[in-house]
Each structure stands twice: as structure tokens, then as C-alpha cells.
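Chains as they are written, first to last, in the working numbering: chain A, 119 to 440; chain B, 40 to 422.
Simulated from the structure, these hints should not be mistaken for lab results. Hints may contain errors.
Stated by the list, open to error - As a list, the in silico DMTMM-like pairs of lysine to aspartate or glutamate whose alpha-carbon atoms are at most 25 Å apart:
#, chain 1, residue 1, chain 2, residue 2
1, B, 103, A, 400
2, B, 313, A, 190
3, B, 100, A, 400
4, A, 192, A, 348
5, B, 100, A, 383
6, A, 192, B, 280
7, B, 103, B, 156
8, B, 100, A, 386
9, B, 103, A, 392
10, B, 313, A, 221
11, B, 193, B, 146
12, B, 313, A, 188
13, A, 157, A, 360
14, B, 193, B, 156
15, A, 192, B, 299
16, B, 103, A, 386
17, B, 141, B, 156
18, B, 369, B, 391
19, B, 100, A, 392
20, B, 162, B, 75
21, B, 193, B, 204
22, B, 73, B, 161
23, B, 140, B, 156
24, B, 103, A, 404
25, B, 313, A, 194
26, B, 369, B, 204
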Amino acid sequence: MTSVSSASPGLAQNDPKNRLFGPLPDVSAEAGYVEEHPKRVGFFTDTSVCIGCKACEVACKEWNTLPMDDADGKRDAIGMSGMSYDNTGMLGANSWRHVAFIEQTRVVDLPMPAVGLPGAKNRPETTELPPPDTGDVNTTAKAQASVLNAEALAEFDPQTGQSGADKQIRWLMSSDVCKHCTHAGCLDVCPTGALFRTEFGTVVVQQDICNGCGYCVPSCPYGVIDQRKDDGRVFKCTMCYDRLTDGLQPACATACPTQSIQFGDLDELQARADARLATLQEQGVETARLYGRDENDGVGERARFSCCSTSRRSTACRRTRS
Amino acid sequence: MEGEHHEPSADAVLREINGFGADGELLNSYLQMKDDGSTSGGCWIYTGVYADGVNQAARRKPAKEQGAVASEWGWAWPLNRRMLYNRASADPDGKPWSERKKYVWWDEDAGEWTGLDIPDFEKNKRPDYVPPEGARAQDALAGNDPFVMQGDGKAWLFAPAGVVDGPLPTHYEPAESVVENGLYKQQANPTLEMIEGPWNRANPTRSDVFPFAVTTYRLTEHHTAGGMSRTLPYLAELQPEFFVEVSPELAQLRGLTHNDYATLVSARTAIEAKVLVTERVRPIRLRDGTVVHQIGMPYHWSYSGISTGDAANDLLGIVMDANTHIQESKVSTCDIRPGRRPRGPELLEFVESYRRRADVPSGRVGVNGRDPVDAKAGEGSTL
Numbered sequence: 119m120t121s122v123s124s125a126s127p128g129l130a131q132n133d134p135k136n137r138l139f140g141p142l143p144d145v146s147a148e149a150g151y152v153e154e155h156p157k158r159v160g161f162f163t164d165t166s167v168c169i170g171c172k173a174c175e176v177a178c179k180e181w182n183t184l185p186m187d188d189a190d191g192k193r194d195a196i197g198m199s200g201m202s203y204d205n206t207g208m209l210g211a212n213s214w215r216h217v218a219f220i221e222q223t224r225v226v227d228l229p230m231p232a233v234g235l236p237g238a239k240n241r242p243e244t245t246e247l248p249p250p251d252t253g254d255v256n257t258t259a260k261a262q263a264s265v266l267n268a269e270a271l272a273e274f275d276p277q278t279g280q281s282g283a284d285k286q287i288r289w290l291m292s293s294d295v296c297k298h299c300t301h302a303g304c305l306d307v308c309p310t311g312a313l314f315r316t317e318f319g320t321v322v323v324q325q326d327i328c329n330g331c332g333y334c335v336p337s338c339p340y341g342v343i344d345q346r347k348d349d350g351r352v353f354k355c356t357m358c359y360d361r362l363t364d365g366l367q368p369a370c371a372t373a374c375p376t377q378s379i380q381f382g383d384l385d386e387l388q389a390r391a392d393a394r395l396a397t398l399q400e401q402g403v404e405t406a407r408l409y410g411r412d413e414n415d416g417v418g419e420r421a422r423f424s425c426c427s428t429s430r431r432s433t434a435c436r437r438t439r440s
Numbered sequence: 040m041e042g043e044h045h046e047p048s049a050d051a052v053l054r055e056i057n058g059f060g061a062d063g064e065l066l067n068s069y070l071q072m073k074d075d076g077s078t079s080g081g082c083w084i085y086t087g088v089y090a091d092g093v094n095q096a097a098r099r100k101p102a103k104e105q106g107a108v109a110s111e112w113g114w115a116w117p118l119n120r121r122m123l124y125n126r127a128s129a130d131p132d133g134k135p136w137s138e139r140k141k142y143v144w145w146d147e148d149a150g151e152w153t154g155l156d157i158p159d160f161e162k163n164k165r166p167d168y169v170p171p172e173g174a175r176a177q178d179a180l181a182g183n184d185p186f187v188m189q190g191d192g193k194a195w196l197f198a199p200a201g202v203v204d205g206p207l208p209t210h211y212e213p214a215e216s217v218v219e220n221g222l223y224k225q226q227a228n229p230t231l232e233m234i235e236g237p238w239n240r241a242n243p244t245r246s247d248v249f250p251f252a253v254t255t256y257r258l259t260e261h262h263t264a265g266g267m268s269r270t271l272p273y274l275a276e277l278q279p280e281f282f283v284e285v286s287p288e289l290a291q292l293r294g295l296t297h298n299d300y301a302t303l304v305s306a307r308t309a310i311e312a313k314v315l316v317t318e319r320v321r322p323i324r325l326r327d328g329t330v331v332h333q334i335g336m337p338y339h340w341s342y343s344g345i346s347t348g349d350a351a352n353d354l355l356g357i358v359m360d361a362n363t364h365i366q367e368s369k370v371s372t373c374d375i376r377p378g379r380r381p382r383g384p385e386l387l388e389f390v391e392s393y394r395r396r397a398d399v400p401s402g403r404v405g406v407n408g409r410d411p412v413d414a415k416a417g418e419g420s421t422l
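Okay, chain B solo, but in the shape it has when bound (with noise of 0.2 Å):
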């Protein structure tokens, strides 16, 4: 804010975010941060975004009347370092692995790292320094030590620790998909955490029931899932419908109708969106030549709101990542067909139907929201 009853400047905000020093004086760098309290800052990586007294963040430098990494065009934290731990360009003795790769060195003559980036390395750490016995903190962390985050300042591709599915990376499948994972036997991450109970049924794998992958993604004009946007009227607008993108040939398999509904249906649930045929969808075909017919599922809608509409992710199962615990169904299977869903007890029976189908256990949910099938649903369940 510049004044008492002004409206706020957001170039006074963004200084007061690169922070400044005992003087008032805009900080260039983190670097100058101290812990006594006589500098202040918004976010230390963020320092240095108003550095010199100039709004970093602002610059339009063409590509073209500068270097390869485009430095003078915007700002990136921390230090407007291009590439994090970019000491890495470098062999252990500071030099580039490749003379055309280039990117950050060690200068001898100097005795700093220099480049085309700011080195995201102590500017004056020699790539042959040893840690000594006892040393702390950064001092820890030897020349040769690119990850500089990381408490043994190395990356890992062999984690024996910290990670419930390593100790290697691989590719899983979703635990819903259409095909087959192509890299590796086992079809899907075994330490998924999977939640049981009649509302949270899994559409079982490459299931014809449930024969198209489905994804969702964000628009430009909602927020998340829409309940900061979808009350904006300059913003529903733009963004009216609840709606699912699908190539013309998944429209033609099922008879879909552009602008008008289409009922999607996993395990969980059944809803309903307008269609938008576009040939920006497309369908895939796998090496063994099945072709594969992908849904696109923007999420920004729900019940309340100017611009309201069925919730996306009522369609997906909750599966969890074991590791962040965050969803992993971010990828889903579902069925579409036309027409809007039906409502009230015949959408539970239309849901039951597509079950009984695919062979999933029954969603019909007992007394208290307890599983009439599994007694263990819930703590003091007597079924």
C-alpha cells in the first residue's frame, strides 16, 4: 500500500517481497539476508526479484539480442537462476561434460563459478573441497556436491530410503486404466493406498464396461474447482457449462452430439456434461493397434455458483499416492453415452447396473452410510 487509503500498488508489494535492508534499501540477493532482524523480506526466494531498483519480473529482452538462456527475459528464483543445481553441467573438477552443453563452469583464474546461469553452487566452493571432520550445513557438502538441497547434496536414482515403492523408479499404470503397462509386469503401483467402502468402488482395469480413459484438467477462466470462479458472473461467462471434450470418432462410436449431454460412468457415479466434439482430442492407437478413445474433463464445476454443473471428480475414485498421499486418479476409466443422467433413486440403480456389469461389488450404501457387504466399512458397523 502507498498511502492509508490507497489502493494497494502491487510494485510496492513486490518490493516489499524482494525485502530490504537496515538502511530501506531494496536487497539484491538472498545472500544478504540476516537473522538479527534488521533486513526484511516478503519470501527469501524471492529475493532479488526487485534487484538494482528494477522490477526483474518485467523484463522483455528478446531472445535474440541475448544469450541462450534468455537471463534479461522475466525472472525465475531463487537469484534468477535458470536451471536449479546446475552445477551438475559441470564434471566433478568444474569442467563442462560437453564443450557445446556448456552451462556453468568453475573459472580457476578466478576462483568462482561462472556460465551462461547464475551457478546455483557457493560462488567460491572449489569443485576439490573436501568437507573437514565435524563440518555443518552447506560446509558439509563437498565441491563435487551439485544437489545442493539435499542433505547429502546428491540426487538419487537408487532411493533405499524415504520412498514406500523404491528402491528404483519405473512406470505404473494408473489404478484405473484403458491398456496394459507396456514397460513392466506388474500393472499398477502395489503401495497404492486404496480406500474400501460402497461410495469408493474401482472400476476394475481394461474392463469393457468401463472402456475409455478419462482426464481432467483446468481452463483458463475457472480456478481449481470452481468455487472462487464459478460465482464471478465476468468469469462464468467465459466459462458457462460443465463440459467433456471427445475426438469425433469417440462422438460417432457413441453417438454423441456436440453441445448437447452426455452422461459419463464410473463405479462411483454417473454425471452429465455438455459435449464439445474437436478434432484436438484424438484417439491413440497402441502398438498392437487397438485404438484407445480418450475424455477430456475440465473440473471447475459443482453445485453452487452462477455457473454450476456436475462435479467432475464425483467421477474418479479416491487412490492415493502412497508416498504424498495426494489422489493418483488424476487418470481414470468411465463410459460415455447421450443424454443427460438420470435422477434420484434411478441414477443409484442406472450406477448399480454398470456394477453388476463389470462385476464390482455393490454401491448401495446401508444404515448410517455403512457397507451393506463389508462389516469392517466402519467402526460400530453390525452388518
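In isolation and in its complexed conformation, chain A is listed as follows (with noise of 0.2 Å):
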């Protein structure tokens, strides 16, 4: 008897047809696309420049034709979640597009432009904090005017003239969608083939072949396939399969204003988001992060990671000092 457990055959990662896990070179061609398919594609969402504008969430129900829903995905209702300014909730059978807005609080490091003259070479640093209030006027003026760094100035608050430990609060617009797992569980478990393997290495579901047995719902280890509770069928992204049949991109990548959310072949999406993760850490912000990037862990590549970072610090508008 081995000391090895329960884990399936499936784990033994000698038969790539039955790993449950880690990289395969060709997802399509292990779904039956033998002769010559279109290369996988995916997304590359990069949270550091979404702005939250949500005409990606828009662009997705309009392409689509989703039925409104409300934070709960309650479909044909409306109504506040009460989470910042996302109504969205979540993704669900009518939301194939979701962006969080997360409310970040922190006590220091402002991201902002450094503050000193405009093209004066060699300005000056301090790592000095402001002189703490005393109430008096002057004390005040000085202090301002002695901001000369975006640490200093997020140490002191011009709004309570408070200098020390006061909060900062920021917006993280986190931009979320059907990963298109290289080991889709969804796909896995689905007993009528409505889901599918695309030959874009994407998973779609047929509606008209779903009976709505909801299998798929928990074996998605990210909320993201959903069942219409009135139609009983679940719905998903589809990375606008029927989009992408006619050379387009999907709508919500179209739709995007600042490149957050990236669209193309997977193996040139992750170079860039590799490249992006650089130009961010040279920039100091030092947590950012790809998720979703590892071909190694959970369910393989995704053909959609994002670049975000927990901290304050990842806004990509965040400017080095020289």
C-alpha cells in the first residue's frame, strides 16, 4: 500500500487525457480539433488601469441580449447592493461581465505625482513629516508648503489638517469573467456535451442542447456558470464565440476605453501581462501580481488572468522618483 491517498489516477499527470491539472500544449486539439484550428485565445485584464467606467459589463449584455438583473442575479429585478458603487454583484446567468469596486483603506502613501516645481531637476527629497497641527494657522501654511513628496502629502490631510495617521481610501475596480479553464470543471461534469470545447480553446454552453440538470454550478470553483432560476438552463461567457467565428473581438474587450481588458492569442497575452508585471515592479509597486498566470496551479492555464496587486500601491499611475 503507497502512501498515497485518494487522489485519482487523474493526478498521476502520466496521461495527459486524464490530468486533472497542470498544462496542456493544445487544449483544442485535445478536445478533437485534430486538423489545423485557430490558436487558443483568452484575456488579459489588467485592474491597474480599469477605471470602472462598467461599458464592458454594458457592451456583454448588449452583444448578448442578457435580461437585467439585480445584485443577487435575480433576473428582471432591480435594486443597491450597497457594495461602493458596483450593483453588479456578482457574476451570474445574466452577468457575464462583473466589475468590483472595492473600497481600499490605508493610513500612508498616497498614490500621486510627486509635488515640486514643474522640470526642476534634482528635486528635492525628504523623508521629514510634517510638524504635527497645533491649530495655528501658520503651523498649517508651513506644513503644506513644506509637502514636497506624495509621501509626506498623504501624511498630512489638507481637509482635517491633520498630519499623521489619517486614511486614505481608493477605489480597486477589479474586472472579473469566465476563466475558460484549460480543466474546465463545468465541461468536466456536464452530462448532455451542451458544454463544449471551442476551437479557440474556449468552453461554451449550447443552449439548446443544456437540460438544466445544474451540475456544472458547483463544479465551477469560481462562481461563474449560473443557472436562470425561471428557465432552469445555466449560462456563461462565452468569450462571444459567435464574435469571434467572425474575426471580431469579444464586446467587452471592444468596448473597453483603456485597454484594461486585453483580447488575443493566450501565448501573446502572457508575455504582455509578463512584461506589464515587470514595468509595475520596476515602478515600485511591488504587490503586484499575475492571477491566473501559473500553468502549474488549480486548473491549468486559464485563458484569462488579470494583473492586480491587494495594496494601495498598484495603480499603475503611480510615478517613480528619480
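The two chains are supplied separately, each in an independent frame; assemble them into the complex guided by the hints.
Encoded structure:
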């Protein structure tokens, strides 16, 4: 008896066809597209440049004629979620793109350009904090005048006139969508063949075949695929399969005004994402990371991954000071 | 449109707005426009947006690949000038006021204005140009008159004519404010156009009854008062309910519950909205230590459409700027309390009780909508 456990033979990694995780060189070929097929496509979502306009959500609903829903996914209902400015709430049968508004608070380090004379070389640097506020107007004015860099500026709150432990707040606009997994739980459990792998490597539900059994819903590790209660069938992002077959980009990527949602060949996007990560880290955003990029974690590579950071340092507009 | 039955092409529309010359070629500058009907254009300020057959507005050259003005990022009207009246960045002789801040200047050798931005000045007009007697239009502006859209080419700080509240600018508090004017002894602009009437009672300034500052603003998802966007499902679901934003401090002070209703009251009326408690809204501590709470109020709602709610503008008074006759009451005062507002006659009595407490005349409207208190309120009033 070996010490290895209950793991299924699929975890032994010796037969790629049964493997439940890890990279697959060609998902479409694996799914039977043995002759020539298009390259695998995907999204790279760069949250550091998302402005939260929600054009992607609206474009997705327009193109796919999805019904209105409230923050709980209830069809044809509307209502406030209370989650900042986001009233979509979550991905679901009627919302295939979701941009969450996460209000993040921190004490210091406001991502703002350094303050100084325009064009001045050798801008003076100071790590000195402004003096504590004594309520005296002159001291306050001096404190304001002495603010020479972003850190010091963050320490001083011109609204309350307080220095020190004050809060700064920002929004993280976190855009989410179906990952079109390499090892897609929904696809694996679908008993009818309604879910299938397309020639682009994406995972799509055929609405005329889905019988509404709902097995796929708990099989998705991301809570993406969802049933319409009054209909029974499941719905999720198709990566605009109909548009792809016509040589168009998905609606969300087309509508995005800041190139936060980038669509393209997966290998090219991966290279672009790696470069973006390097740029952000070079700019001092130490906590920037790629999510869903690693081919060896979880569900294998995802045809959608994002560049994000949970810290306040993640904004791309943050400038490095020389 | 490209083709009679096709979807309009945004590109073709932009080219048409840019304008064409006599032979159908795209114009590069509004200076090429002729008054003989041989050229066309949607609006002169946009001519050049399609200069050289390129959609200039779609340019996205990163800042680090170009100069500080970033002239190749998008496009700005007119003629891609990024700063209007930029001849003022040079002294009367056409030399930059400061070498470090140089922006646009006169190049004597070339006999033209040049610089980092597109000069907003006649290209070959010398800085020492003096208009001859009887000169007209732009010829009447001297070489040191940078403000070329003004009749005299000058910018006025001292404005003896033209504005009713001149001749010098100053700071006034809004008609309804929670603070004293910190700059000037006159609290609010004395020339404001006030409209008297029971339906437009004013909150007294710095009143304990209306202790909070309130201001209106827009959300991305709706258009102005919402008449055009509240009917659209995909926009209505994104911002489905009228809400106000308050700080955690104000929520605690007034017992407001996040994502529950609150009632806002002014001397005009009371409206209800959902409450969004957020640290983005912050109390303001004044110089004397007083803390002022502010309420943010997106103003996109009313009774019609898919997403409906009380109208934010009902809370505001009608007070107009004396020069533009545009409403001044962007910032106002109010009270806020938890729960939904009363309905019907109870609402009237509720607001009337606030007026009594604030020492404001009655807001009861008499027969035919006329003021029972002020006989001059309406023509033909017999009260």
C-alpha cells in the first residue's frame, strides 16, 4: 500500500488525457480539433488601468441580449447592493462580466505624482514628516508648503489639517469574467454535451442542448456558471464565440476604453502580461502580481488572467521618483 | 453613413465633422475653410481632428515617448492646441517669461511663433505689431494681445463692465452654507437672483436646523437628471436606486444605516434616498475646530423609468447667478435622518415643522398656487 491517498489516477500526471490539472499544450487538439484550428485565445485584464466605467458589462449584455438583474442575480429585478458603486454584485447567468468596486483604505502612501516645481531637476527629497498640527494657521500653512513628496502629502490631510495617522482611500476596480479553464470543471461534469470546447480553446454552453441539470454550477471553482431560475438552463461567458467566428473581438474588450481588458492569442497575452508585471514592479508596485498565469496551479492555465494587486500601490499612475 | 442602408460609420461621421475641401480632400486646419461654399465642416473647432487622413483623436503615444505637452496623445480643439491663449506664456517681446517654463515663443529668424504647443496666435504676427488706425477684426489686436477671442485681446481681472458682481473677483459662500465666509465679510453674493415664494423658501445660512452641507453630482451610468438613462435596462440596473453618500461619522451621528433609507430635509421639501456609508466622504474640520459634515447626492432620479426615486433637485432652492442666470444652488444645506419620508399631507406638515423651527416663513401654498403670506407672490393674487 502506498502512502498516496485517495488521489485519483488523473492526478498522477502520466496521461495527459486524464490529467485534471497542469498545462496542456493544445486544449483544442485535446478536444478533438486535430486538424488545423485557430490559436487559443484569452483575456488579459489589467486592473491597474481599469477606471470602473462598466462599459464592458453593458457591451456584454447588449451583444448577448442578457436580461437585467439585481445584485443577487435575480432576473428582471434591480436593486442597490450597498457594495460601493457596484450593483452587479457577482457573475451569474445574466451578468457575464463583473467589475467590483473595492474600497481600500490605508494610512499612508497616496499614489500621487510628486509635488515640485515643473521641470525642476534634482527635486529635493525629504523623508521628514510635517510637524504635528497645533491648530495654528501659520503652522498649517508651513506644513502644507513643506510637503515635497507623495509620502509626506499623504501624511498631511489638507481637509482636516491633521498630520500623521490619517486614512487615504481608493477604489480597486476588479474586473472578473469566466476563465475558460484548461481543465474546466463545468465541461467535465456536463452529462449532455451542452458544454463544449471550441476551436478557440474556450468553453461554451449550447443553450439548445442544456437540460438544466445544474451539475456544472457547483463544479465551477469560481462561481461563474449559473442557472436562470425561471428557465432552468445555465449561462455564462462565451468569450463572444459568435464574434470570434466572424473575426471580431469579444464585446467587452472592444468596448474597454483603457485597454484594461485585452483580448488576443493566449501566448502573446502571457508575454504582454509578464512585461506589464515587470513594468509595474519596476515602478515600485512591489505587490503587483499576475493571477491565473501559472500553468501549474489549480485548473491549469486559464484563458483569462489578470494583473492585480491587493495593495494601494497598484495604480499604474504611480510615478517613480528619481 | 457609408451606404444608404448601413449602420452609421463613426469614422465617416468624424471625417464629415472634420470637413472637406473643394476636391473632397480632408481639411487639416480651420484656416483652410472658405466662406464661398467650397469647403464643408461639422464645426470649425473640430477641423483638423482628421488631419492628414488620420484619426488624430485616436492617437495613444505614451507620455515617455514624447514631450511634456503630449501633443500626440489624442487631440484637442482647436488645432490640437493644449493650452488656449498660450501666447501669454511669452512676455510682450515674445520671449518666454521663464526659460524653465517656456511654452510658446516668437522665433525672430523664422518670423513665426513656435514652441512646445501649437501657438494660439496668428503664426506670423510679430510681437511688436501695432494695429494701424481703423484696423478691424484680428488685425486690430496687437502683437502683445494674447487673448485673441476677446474684443481687446486682453484678459481682465478688473472688469468694470460686463459682470454685475464685478469689478474684481472674490469668494462668496453659496446662498445656503454651513460656514462663514472665511475670506470676505459679505457672506453670499449680494447680486444673487432669489425667487421668493412659498415653494422656494430659503434655508437660513449656518442654521442648526439644516446643519449639513449637501452637493449634487453625477454617476457614470446615468445622464444628468436621468430622463434618458433611467429607461434603459442596462444602465438602470447598474445604478438602480437614488442614494446619498455619507461618512461613517455622519452615519453614526444621525443613526443612518448603510443600504437603508434616509430622509433629507430642506425648507423646500423632504426626499428619501438609500444611504451609502463610505470613507470616501469625509467630514471637514474648519480652522476654528468646527467639524462640517457633507452629503453627496447623485441627482439622476425621478418618478419615471425603470429605476425611480425622489428627485434630488426638489431639495434644492432656486437661486440664480446674476450673470449667467444659472442655478447657483449646486451646494446647499439640509438635515438628514434615518427612515423613509412621510407621504401626502403628513409630508407637508413634516416640512412645515422644519420651517417653523428654522424661523422660515410658511411653505403652505394657497389657492391657485399663490402665496397666502405674500400678496405680491403672483399676479392677480387677492390674498
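Each hint, compared with the structure:
With a C-alpha separation of about 15 Å, the suggested pairing of residue 103 of chain B with residue 400 of chain A holds against the 25 Å cut-off. About 18 Å separates the Cα atoms of residue 313 of chain B and residue 190 of chain A, which keeps this hinted pair within 25 Å; it holds. A C-alpha spacing of about 20 Å is found between residue 100 of chain B and residue 400 of chain A, which places the hinted pair at or below 25 Å, so the restraint holds. For the hint linking residue 192 of chain A to residue 348 of chain A, the alpha-carbon distance of about 10 Å falls within 25 Å, and the restraint holds.
A threshold of 25 Å between alpha carbons decides the hint, and for residue 100 of chain B with residue 383 of chain A the separation of about 23 Å falls inside it, so the pair holds. Of the supplied pair hints, the one linking residue 192 of chain A and residue 280 of chain B holds, its CA atoms being roughly 16 Å apart against a limit of 25 Å. Restraint check: the Cα-Cα separation between residue 103 of chain B and residue 156 of chain B comes to about 17 Å, which is no more than 25 Å; the hinted pair holds. For a cut-off of 25 Å, the pair hint linking residue 100 of chain B to residue 386 of chain A stands: about 21 Å separates their Cα positions.
Proximity of residue 103 of chain B to residue 392 of chain A is assessed by CA-CA distance (about 20 Å); at most 25 Å being required, the pair is judged to hold. Between the alpha carbons of residue 313 of chain B and residue 221 of chain A the distance comes to roughly 19 Å, so the proposed pair stays at or under 25 Å and holds. Simply put, residue 193 of chain B and residue 146 of chain B have alpha-carbon atoms about 22 Å apart, close enough for the 25 Å limit, and the pair holds. Of the pairs offered as hints, the one joining residue 313 of chain B and residue 188 of chain A holds, with about 16 Å between alpha carbons and a cut-off of 25 Å not exceeded.
The hinted pair formed by residue 157 of chain A and residue 360 of chain A meets the criterion: a straight-line CA distance of about 16 Å does not exceed 25 Å. Annotation: proposed proximity of residue 193 of chain B to residue 156 of chain B holds, straight-line Cα distance about 20 Å (limit 25 Å). Between residue 192 of chain A and residue 299 of chain B the CA atoms are separated by roughly 20 Å; this keeps the pair inside 25 Å, and the hint holds. Between residue 103 of chain B and residue 386 of chain A the alpha-carbon distance is near 24 Å, which keeps this suggested pair within the 25 Å criterion.
Under the criterion of a C-alpha separation no larger than 25 Å, the hint pairing residue 141 of chain B with residue 156 of chain B is consistent with the structure, at around 10 Å. With a C-alpha separation of about 23 Å, the suggested pairing of residue 369 of chain B with residue 391 of chain B holds against the 25 Å cut-off. Only pairs whose Cα atoms come within 25 Å are accepted, and residue 100 of chain B paired with residue 392 of chain A is accepted, the gap being roughly 21 Å. A threshold of 25 Å between alpha carbons decides the hint, and for residue 162 of chain B with residue 75 of chain B the separation of about 24 Å falls inside it, so the pair holds.
The straight-line distance between the Cα atoms of residue 193 of chain B and residue 204 of chain B is roughly 20 Å, inside the 25 Å bound, and the hint therefore holds. Among the hinted pairs, residue 73 of chain B with residue 161 of chain B is consistent with the structure: their alpha-carbon atoms are about 17 Å apart, no more than 25 Å. A threshold of 25 Å between alpha carbons decides the hint, and for residue 140 of chain B with residue 156 of chain B the separation of about 12 Å falls inside it, so the pair holds. For the hint linking residue 103 of chain B to residue 404 of chain A, the alpha-carbon distance of about 22 Å falls within 25 Å, and the restraint holds.
A threshold of 25 Å between alpha carbons decides the hint, and for residue 313 of chain B with residue 194 of chain A the separation of about 20 Å falls inside it, so the pair holds. Our distance criterion of 25 Å between C-alpha atoms is met by residue 369 of chain B and residue 204 of chain B, whose separation comes to about 19 Å.
Checked against the numbered hints above, the structure breaks none of them.
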